[in-house]
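**Student:** Residue strings, one per chain:
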Amino acid sequence: MTDTPGIWERLWRQPVARTALFILAAVTLAAIFGPMLMPAGAGDVSANQFSPPTWAHPFGTDLDGRDGLYRVLQGARVSLLVGFSGAFISFFVGTAYGLVAGYAGGRADGIMMRAVEILYAIPRLIIILVFINAFDSHLKQWMAGAGLAGLVADSRVVILILCLGLIEWLTMARIVRGQVLSLKSQQFVAAAQALGQSHYKILTRHLLPNLLGIIVVYLTLTVPAVILDESFLSFLGLGIQAPQASWGSLLAEGAEVINPIRSNWWLLLFPALAMCWTLLSLNFLGDAIREAADPRRHD
Amino acid sequence: MATFILRRVISLVFVLFCVVSITFLLIRLAPGGPFDRERKIPPQIEKELLAKYKLDGSLWQQYRGYMWDLLHGDLRLSTKYRNRTVNELLAQSLPVSATLGAVAFLIATAGGIWVGSFAAVRHGAPADTWAMLGALMAISIPTFVIGPLLILVFALKLHWLPVGGWSGFSYLILPAITLASPYLAYIARLMRTSVLEILGLDFIRTARAKGLSDGRIVYKHALKVAILPVVSFLGPLAANLLTGSIVVESIFNIPGAGGFFVSSIQNRDGFLLGGVVIVYCALLVVMNLFVDLLYVSLDRRIRLYD
Chain B
1 MTDTPGIWER LWRQPVARTA LFILAAVTLA AIFGPMLMPA GAGDVSANQF
51 SPPTWAHPFG TDLDGRDGLY RVLQGARVSL LVGFSGAFIS FFVGTAYGLV
101 AGYAGGRADG IMMRAVEILY AIPRLIIILV FINAFDSHLK QWMAGAGLAG
151 LVADSRVVIL ILCLGLIEWL TMARIVRGQV LSLKSQQFVA AAQALGQSHY
201 KILTRHLLPN LLGIIVVYLT LTVPAVILDE SFLSFLGLGI QAPQASWGSL
251 LAEGAEVINP IRSNWWLLLF PALAMCWTLL SLNFLGDAIR EAADPRRHD
Chain D
1001 MATFILRRVI SLVFVLFCVV SITFLLIRLA PGGPFDRERK IPPQIEKELL
1051 AKYKLDGSLW QQYRGYMWDL LHGDLRLSTK YRNRTVNELL AQSLPVSATL
1101 GAVAFLIATA GGIWVGSFAA VRHGAPADTW AMLGALMAIS IPTFVIGPLL
1151 ILVFALKLHW LPVGGWSGFS YLILPAITLA SPYLAYIARL MRTSVLEILG
1201 LDFIRTARAK GLSDGRIVYK HALKVAILPV VSFLGPLAAN LLTGSIVVES
1251 IFNIPGAGGF FVSSIQNRDG FLLGGVVIVY CALLVVMNLF VDLLYVSLDR
1301 RIRLYD
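Chains as they are written, first to last, in my numbering: chain B, 1 to 299; chain D, 1001 to 1306.
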């Protein structure tokens, strides 16, 4: 993990990784700037219901006559925001948990890892769903009271980010712990201990820098996992609520209008393509980084 | 072995207890009761309703009462589907979900093991590359995209299979494939890595030196060991299938327990929600115990709790 520039160079040399990075950059830029560049009123309700793709509406229009492209870009904003912020939270929780468990070792480690195993084995998304729906209105009240009234409309997004970040850290914790276990028996840790450094300093100054490579790999793989979770909840109608949209809720709308009488395929296809390209790129990128960072596969 | 099982059963009961308590608290702490949606009801009637559904008294009293009923196997009445017990509703819908889950489980494990070892044996060949590319795509495409697309192609365009519903074997095919595909892909990836690792070990070289054929080496010697990572994934797999089946049931209009889960959250039907969560968790925890036992019996090198 010491030759970070080497990893990036190797990564850049892989055409798959380069393509994935380009796609991700394009999707992110389109999500941020796309809605601003579109003509005003593109996302408004109009009488033009279920129009198939045309030049004016390249992704067609939906039940309320809203432009499909605008909706997909709006959905991209929410999905990407939830994915990246959720992964960021999971990074903090997972890394801290894994560091402490691995460094403490012994009984504490045993109990902490048993807890992780238990969390792995229960249907976490189901519990989190109950949790989100129980606390949403509490959060709204608290926000209104705490001077964050502007955020009330987005309370669903906030609670989704928090909850998903707080459940998707298990794999990260396991991997960090495993690495710490093997690192802490090395001489530089013993040296730091002999010099009388505090546990906190050893964890943050000596162990953490050595873990960054592997953490980046799993962070790349956590983002698509969180995006998937979010869209799962929104697909069921229990995540993002209308009129806000995420890829999951758009896909739910699209799946609803697929029926034997008339299939408005564009409402399903375009959100699906946007989501699959993003997830595929993230997964390919994660795999590529893992391969580039793995010293055993130097050849 | 006996102490191992005993310890696992104790921890199993403990986990279930925690899950039940948390679920109960979350449901009861959420604002808005089950009778809020209706027209304003006179206080006397509301009181009787609350008493009928055992929603009166302090939180602690309610919690104790609920736990006591649960111990007797009583999941109580649904507040939405009036006069029907949660036990009844679940007895009707669970077998459906279980069939779907079991078939998807078989497809995912058998298919994943086959594809993974197939790719590993042809390591580096085009077949390997394509299989792994396909696997990564299947992991990246969520079930709620695969499902509607399969319906569009096989039900609406080709008319080979029914669009949705539940009345026979042909209704099972598309949902089971949809539910299984990402996990089939994941297991294939696990299996490929594992087989590749095993094929480089000494005992395989010995087998080769003895003059065994490649097929025999892989299927009689390597797979037995290489399958272990897959076995340890079976627990999480069951958890994922349970959660995933909720979405698949809603896509294909299957009358399983997953539909009750979604509707009970929307209707604030606390005991039905609690019932579904408890049954799902119990199923999973028991499943995990079996997986652990299977793992131990497969790999004699593992020592439990030293």
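These are calculated hints, taken from the structure and not from any lab test.
Just so it is clear, CB atoms sit at the ideal spot from N, CA and C, and this is done for glycine as well.
Take these hints with a grain of salt, some might be off.
Claimed, not checked - With the Cβ distance kept under 8 angstroms, some of the chain B side facing chain D (calculated, not the full set):
(1) W8
(2) L11
(3) W12
(4) F22
(5) I23
(6) L24
(7) F92
(8) V130
(9) N133
(10) L221
(11) P224
(12) L251
(13) L279
(14) N283
What the hints assert, rightly or not - Incomplete in silico selection of chain B near chain D, CB under 7 angstroms:
(15) V100
(16) Y103
(17) A104
(18) I118
**Student:** A closest beta-carbon separation below 8 angstroms is what the hint needs, so does F92/B meet it against chain D?
**Tutor:** violated (23 angstroms)
**Student:** Go through the hint on L221/B and say holds or violated, using the shortest Cβ distance to chain D against 8 angstroms.
**Tutor:** violated (10 angstroms)
**Student:** Is the shortest C-beta separation between V130/B and chain D less than 8 angstroms?
**Tutor:** holds (5 angstroms)
**Student:** Go through the hint on V100/B and say holds or violated, using the shortest Cβ distance to chain D against 7 angstroms.
**Tutor:** This hint is violated: V100/B lies away from chain D, its Cβ roughly 22 angstroms from the closest one there, beyond 7 angstroms.
**Student:** Any CB of chain D closer than 8 angstroms to the CB of P224/B?
**Tutor:** holds (7 angstroms)
**Student:** Against chain D, is L251/B within 8 angstroms by beta-carbon distance?
**Tutor:** With Cβ-Cβ at 6 angstroms, under 8 angstroms, it holds.
**Student:** Given Y103/B as an interface hint, is its Cβ closer than 7 angstroms to any Cβ of chain D?
**Tutor:** For Y103/B, the interface hint is violated, since the closest Cβ of chain D sits about 22 angstroms away, which is over 7 angstroms.
**Student:** Any CB of chain D closer than 8 angstroms to the CB of F22/B?
**Tutor:** Status violated, d = 17 angstroms.
**Student:** Is the hint on L11/B kept, meaning its closest Cβ partner in chain D is under 8 angstroms away?
**Tutor:** Result: violated, 17 angstroms to nearest chain D Cβ.
**Student:** Could you check if I23/B really has its C-beta closer than 8 angstroms to a C-beta on chain D?
**Tutor:** violated (12 angstroms)
**Student:** When the nearest CB of chain D is found for A104/B, is that gap smaller than 7 angstroms?
**Tutor:** Given a least distance of 19 angstroms, the restraint on A104/B is violated.
**Student:** Given a cut of 8 angstroms on the nearest C-beta pair, is the interface hint for N133/B held or broken against chain D?
**Tutor:** holds (5 angstroms)
Consistency with the previously given hints fails for numbers 1, 2, 3, 4, 5, 6, 7, 10, 15, 16 and 17, ordered from lowest to highest.
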